[in-house]
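There are 2 protein chains.
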Amino acid sequence: MLTQKPVTTFLDELASSAPAPGGGSVAALSGALGAALISMVCNLTVGKKKYADVQEDIEALLEKSEALRKELTDLLEEDVKAYTAYSKAAKMPRETDEQKAERTKVMQAALKGATDVPLRIAEAAVKVMDLCMPAAEKGNAWAVSDAGVAVLMAEAALRSAALNVLINLGSLKDKEFVAEKRAKLDSLLKGRGAMRDVIYDLVVEKL
Amino acid sequence: MLTQKPVTTFLDELASSAPAPGGGSVAALSGALGAALISMVCNLTVGKKKYADVQEDIEALLEKSEALRKELTDLLEEDVKAYTAYSKAAKMPRETDEQKAERTKVMQAALKGATDVPLRIAEAAVKVMDLCMPAAEKGNAWAVSDAGVAVLMAEAALRSAALNVLINLGSLKDKEFVAEKRAKLDSLLKGRGAMRDVIYDLVVEKL
Chain Z
33 MLTQKPVTTF
43 LDELASSAPA
53 PGGGSVAALS
63 GALGAALISM
73 VCNLTVGKKK
83 YADVQEDIEA
93 LLEKSEALRK
103 ELTDLLEEDV
113 KAYTAYSKAA
123 KMPRETDEQK
133 AERTKVMQAA
143 LKGATDVPLR
153 IAEAAVKVMD
163 LCMPAAEKGN
173 AWAVSDAGVA
183 VLMAEAALRS
193 AALNVLINLG
203 SLKDKEFVAE
213 KRAKLDSLLK
223 GRGAMRDVIY
233 DLVVEKL
Chain H
33 MLTQKPVTTF
43 LDELASSAPA
53 PGGGSVAALS
63 GALGAALISM
73 VCNLTVGKKK
83 YADVQEDIEA
93 LLEKSEALRK
103 ELTDLLEEDV
113 KAYTAYSKAA
123 KMPRETDEQK
133 AERTKVMQAA
143 LKGATDVPLR
153 IAEAAVKVMD
163 LCMPAAEKGN
173 AWAVSDAGVA
183 VLMAEAALRS
193 AALNVLINLG
203 SLKDKEFVAE
213 KRAKLDSLLK
223 GRGAMRDVIY
233 DLVVEKL
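As you go down the protein sequences, you meet chains Z and H in turn. When the letters of the first sequence are read in order and numbered with the working numbering, they come out as residues 33 to 239. When the letters of the second sequence are read in order and numbered with the working numbering, they come out as residues 33 to 239.
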């Protein structure tokens, strides 16, 4: 499991020419870092007298951020698996027409898997973004910069995942699948750049 | 060393209420991830016949991205150290006037250290951003989305580092130091949001 390896080893494997991990895994990790920062803000707020009024909200936030952190850590591993399946398919024999047809079929199926994983990363990243404004507004003021870093990491995760969806859609032949996934991606991206700026500016004001 | 721990342990410690790691460490890690992705693009281009014309440029890029990856990994550890020093200073006794004065002096010095580290992270992140356009233009076209993810991570690193500089500047009493560092930070941030958009759009066009 890649996420069980030391941070430096993860970076070494990322920097290498090995097919995985790549940008998709970084998207998932970036989202998980954002979720972990929201959890940190919540953990610095839970049980504090000064924040007695918001304890229930903070506990609900923490439950969501921890679930998203787990989901994004799992998606990091799934991205590696999906990419490995595609790499393997690409190496299938293509000498006869039958082999070529079979290879194309397996590759197209693998590409759909390699598209779905970053799309799920994008969905989870959007959910992390939704936790950042309440964390910045209600969480321990002393950790407000961490809520700001969280939104930066979550939005970078979303956009990074988008690039990985788009690169795969470009090679897919199933036009209906492509149209459906592109529409889904567009709806996830909509307004999120502006949302990042709004939360960043709010955090800077509070510093 | 935090970077020697498994990725999941890093995330666990980040999510906890422990003072470090926090947003500053995430800024450094995000920059290191961006640098590693540039190295990956270069490693997928080096020695490839199709890219014979750009071999020298790519090797020069790779040397820079690897140096920045190392620098940002080291800065992650330094951020934890600087924050720990500040935390320790804050716990100094403050019963007598002498103790109060001594504590303030040590805390102000620690805050300067805790400001300089994210400022160095911001500087390194800007240098990673400068490698992204040439990597996207000259590197293996097959890995262009990774150059796109690199610029997203590097810009998120820059902005995250900025939040960590700003939060410390707010508590510093040395007005000259504050003005100098703020000017430095402003010059680092200038035009970088637009640069991210330009490179992202170029990458999307190439997908």
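Take the hints with a grain of salt, since some may be wrong.
No distinction is drawn between identical chains; accordingly, a pair holds when it is met within one copy or between any pair of copies.
Derived lysine to any residue pairs resembling SDA-like cross-links, with alpha carbons at most 25 Å apart [claimed, not checked]:
hint, residue 1, residue 2
1, K81, K120
2, K170, E45
3, K137, E155
4, K37, E110
5, K238, G223
6, K159, M124
7, K81, P38
8, K170, R214
9, K82, M124
10, K81, E45
11, K137, E169
12, K81, D206
13, K82, E127
14, K113, L239
15, K37, A211
16, K238, A50
17, K120, L220
18, K144, M33
Derived from the structure by calculation, the hints contain no laboratory data. Small disclaimer: the values here were computed from a predicted structure and weren't measured.
Hints, one by one, checked against the model:
1. Proximity of K81 to K120 under the C-alpha cut-off of 25 Å is restricted to the inter-copy arrangement: shortest distance 23 Å between copies versus 56 Å within a copy.
2. In the homo-oligomer, the alpha carbons of K170 and E45 lie at most 25 Å apart only across protomers (22 Å), although the nearest pairing inside one protomer, at 39 Å, exceeds that limit.
3. Proximity of K137 and E155 under a CA criterion of 25 Å is satisfied in neither setting, with 27 Å inside one chain copy and 47 Å between copies.
4. Within a single copy, K37 and E110 get their C-alpha atoms as close as 16 Å, and across copies as close as 21 Å, so both meet the 25 Å cut-off.
5. In this assembly of identical chains, the alpha carbons of K238 and G223 lie at most 25 Å apart whether taken from the same copy (23 Å) or from different copies (23 Å).
6. Proximity of K159 and M124 under a CA criterion of 25 Å is satisfied in neither setting, with 38 Å inside one chain copy and 41 Å between copies.
7. In this homomeric assembly, K81 and P38 never come within 25 Å of each other (Cα to Cα): the closest approach is 37 Å inside a single copy and 34 Å across copies.
8. Within a single copy, K170 and R214 get their C-alpha atoms no closer than 35 Å, and across copies no closer than 28 Å, so neither meets the 25 Å cut-off.
9. For the homomeric pair K82 and M124, the shortest alpha-carbon distance between copies (23 Å) is at most 25 Å, but the shortest distance inside one copy (62 Å) is not.
10. In this assembly of identical chains, the alpha carbons of K81 and E45 lie at most 25 Å apart only when taken from different copies (24 Å versus 45 Å within one copy).
11. When the C-alpha separation of K137 and E169 is checked against a cutoff of 25 Å, the pair qualifies neither within a copy, at 50 Å, nor between copies, at 32 Å.
12. Proximity of K81 and D206 under a CA criterion of 25 Å is satisfied in neither setting, with 57 Å inside one chain copy and 33 Å between copies.
13. Proximity of K82 and E127 under a CA criterion of 25 Å is satisfied inter-copy only: 24 Å between copies versus 71 Å inside one chain copy.
14. Taking identical chains as interchangeable, the C-alpha atoms of K113 and L239 lie at most 25 Å apart only when they sit on different chains, with a minimum of 22 Å there against 42 Å within one chain.
15. In this assembly of identical chains, K37 and A211 lie within 25 Å of each other by CA distance neither inside one copy nor across copies; the values are 37 Å within and 42 Å between.
16. When the C-alpha separation of K238 and A50 is checked against a cutoff of 25 Å, the pair qualifies only between copies, where the shortest distance is 22 Å, while the shortest distance within a copy is 43 Å.
17. In this assembly of identical chains, K120 and L220 lie within 25 Å of each other by CA distance neither inside one copy nor across copies; the values are 30 Å within and 43 Å between.
18. Taking CA atoms no more than 25 Å apart as the test, K144 paired with M33 passes inside one copy only; the shortest distance there is 23 Å, against 40 Å between copies.
The earlier numbered hints that this structure contradicts are 3, 6, 7, 8, 11, 12, 15 and 17.
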